[in-house]
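Take the given structure of chain D and dock chain R to it, following the hints.
Taken in order, these protein sequences are the chains called D and R.
If you use this note's numbering, the first sequence corresponds to residues 898 to 1059, in order.
If you use this note's numbering, the second sequence corresponds to residues 176 to 365, in order.
Careful: at least some of the hints might be erroneous.
[Stated by the list, open to error] In silico contact screen, one side only, chain D against chain R (beta carbon under 7 angstroms); selected entries:
(1) 952
(2) 969
(3) 994
[As the list claims (entries may be wrong)] Just the calculated beta-carbon pair ranges, DEER-fashion:
(4) 992/D <-> 208/R: 45 to 55 angstroms
(5) 989/D <-> 198/R: 41 to 51 angstroms
(6) 314/R <-> 937/D: 29 to 39 angstroms
(7) 982/D <-> 273/R: 24 to 34 angstroms
(8) 965/D <-> 226/R: 21 to 31 angstroms
(9) 182/R <-> 1031/D: 15 to 25 angstroms
(10) 1006/D <-> 210/R: 18 to 28 angstroms
(11) 979/D <-> 280/R: 40 to 50 angstroms
(12) 956/D <-> 253/R: 35 to 45 angstroms
(13) 302/R <-> 937/D: 20 to 30 angstroms
Just so you know, the hints here were simulated from the structure itself, not pulled from any lab data.
Everything numeric in this text was worked out from a predicted model, so none of it was measured.
Backbone N, C-alpha and C fix where the C-beta goes; we use that ideal spot for every residue, glycine too.
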Amino acid sequence: MMKNPFPRRGGVLALLACLLFAPFMAMAVDDPSEMLPDPAQEQRAEAIGAQLRCLVCQNESIEDSSADLARDLRHVVREHVAKGESNQQIMAWMVSRYGNFIRLRPPLTIGTLLLWIMPLLALCIGIGVAWWTFRRPRAPTPAPLSDEERRRLSDLTETRRE
Amino acid sequence: MSGQPPSPTRRRLLMAAPLVVAGGVGVGFWRMLSGMTKGSFDPHDIHAPALNRPVPDFALPDQAPGSGFSAQDLRALKAPVLVNYFASWCIPCVAEMPVLNALKEKLPIWGIAYKDRPEHALGFVQRAGNPYARIAADRDGLAAIDWGVSGVPETFLIGPGGVIRWHTASPITETMITRTIMPLADSLKS
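Here chain R stands alone, though its shape is the one from the complex:
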């Protein structure tokens, strides 16, 4: 750099530029972090392409104490149901059980045990107070891949005709039920 020293305005601009950039990055991080605590932003949430598509083809055997189900069963539905992937070895699944138990009176929940031993899944469901109307077992986890499941718990709201209307890859919360799931399920009923 040669020539006259930069004018005071330009010097001030040059000094301010890094501060503005750092401030912008800071605001971005702050928004991401506050979104994570409030639940509006989840870096692990994968936007499922399955949304508004019919459920994938699958047929899964019974998992005690419930009975298994297939894509045909979901496609024959006239009212919405919640399909919940869970496993006995999954801690967030334990955490969401009270919420699911409170929901089961308003909306039927069908569970799929993901890569779980039958006896472990049975014990888990019994300890949790069984929120499920039906339970299927996905022992090798291959049906889960067709659903686009990347881990447990994962939950899908299935509308009439077996169409996936809503999806989350996080544990179900009270807020999710009152703000999203029930309004959507009610609108699908009519």
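Next comes chain D alone, as it looks inside the complex:
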């Protein structure tokens, strides 16, 4: 029997798994003292922060960004959570200062209607195109060869064999 070439495969796999999943655990909280002592409150603050756009990096949430402003906003969110405010109240506080732009999930308004219905619209267009394509009549089956054509065909094929 061959000797196992990876005697410590278990350990290697565990290390690989750690390396693979480590990025998912990464949060920009640079400093554990930022976090709230109550884990439930901290979790709520993180959930709210994940919905807020960092206005410096714009495509990152304030929980993911390490910009200065994001850190300040994280701090403010935690202050409000610690005060016992609801998620809606904290969102409204942010929106009144930075507008709907700060929300990573835009609200449904006239201006964002197209954005929200786009998946449905794309599906409808796809179904429409598919229906239009399959509905078109197939080409009629050609009429069977007449005797004359059959003779010509056999002439042609026979000639070639000679």
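Coordinates of chain R only, in the frame set by chain D:
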């Protein structure tokens, strides 16, 4: 796909469709890019909901060589002033200083030093020729959040009664002053 080959018109339409889409996208990008160079489009400009609302509650301490101010000071105003968030560590702030210095005779400018060490802010203001009538210090940057500031420089035109009448998140330019700020400030004076 089955059946007869598409008619020449339809084939031409099918060929033209991607070109039309690409052309449309191209025109869109071209308009955005030319707007960015001309200054009419700024992807970083956040449309402040603070517009036409009174200034937020705040009270900020002095920043040498000026004196600090609060929301009450701005609400007590009878004439417009420009409130300018700046920092010594901010390059665009340096760039807008000559423009602000040229403006200060026509329109008072009140500065707020954002997250800056007092001695650094002082040095910056002195080197720049101090365009500010008053200067406050927002050391932890928390008043800035109430103003809806997302970075420096950011500038607000405050009308009588402390109402925010205009806002930009880009450095002030000569064009902005002649086209927007001064006409608006003059209309607020009367």
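Hints, one by one, checked against the model:
A hinted interface residue such as residue 952/D counts as satisfied when its beta carbon comes closer than 7 angstroms to some beta carbon of chain R; here the least separation is about 4 angstroms, so the hint holds. Annotation: residue 969/D was flagged as interfacial toward chain R, and the flag holds, the nearest CB pair being 5 angstroms apart, inside 7 angstroms. At its closest, the beta carbon of residue 994/D sits 4 angstroms from a beta carbon of chain R; the interface hint therefore holds under the 7 angstroms criterion. The hinted range of 45 to 55 angstroms is not satisfied by residue 992/D and residue 208/R, whose Cβ atoms lie roughly 30 angstroms apart.
Roughly 43 angstroms separates the CB atoms of residue 989/D and residue 198/R, a value that falls within the hinted 41 to 51 angstroms. Restraint check, residue 314/R to residue 937/D: a C-beta distance of roughly 32 angstroms satisfies the suggested window 29 to 39 angstroms. The given range of 24 to 34 angstroms is broken by residue 982/D and residue 273/R, whose C-beta atoms sit roughly 44 angstroms from each other. Checked against the given bound of 21 to 31 angstroms, the beta carbons of residue 965/D and residue 226/R, roughly 25 angstroms apart, stay inside it.
Checked against the hint of 15 to 25 angstroms, the pair residue 182/R and residue 1031/D passes, with Cβ atoms roughly 19 angstroms apart. Roughly 24 angstroms separates the CB atoms of residue 1006/D and residue 210/R, a value that falls within the hinted 18 to 28 angstroms. Judged by the Cβ atoms, the range 40 to 50 angstroms given for residue 979/D and residue 280/R holds: they are separated by roughly 48 angstroms. Between residue 956/D and residue 253/R the beta carbons are some 43 angstroms apart, a value that agrees with the proposed interval 35 to 45 angstroms.
Restraint check, residue 302/R to residue 937/D: a C-beta distance of roughly 50 angstroms breaks the suggested window 20 to 30 angstroms.
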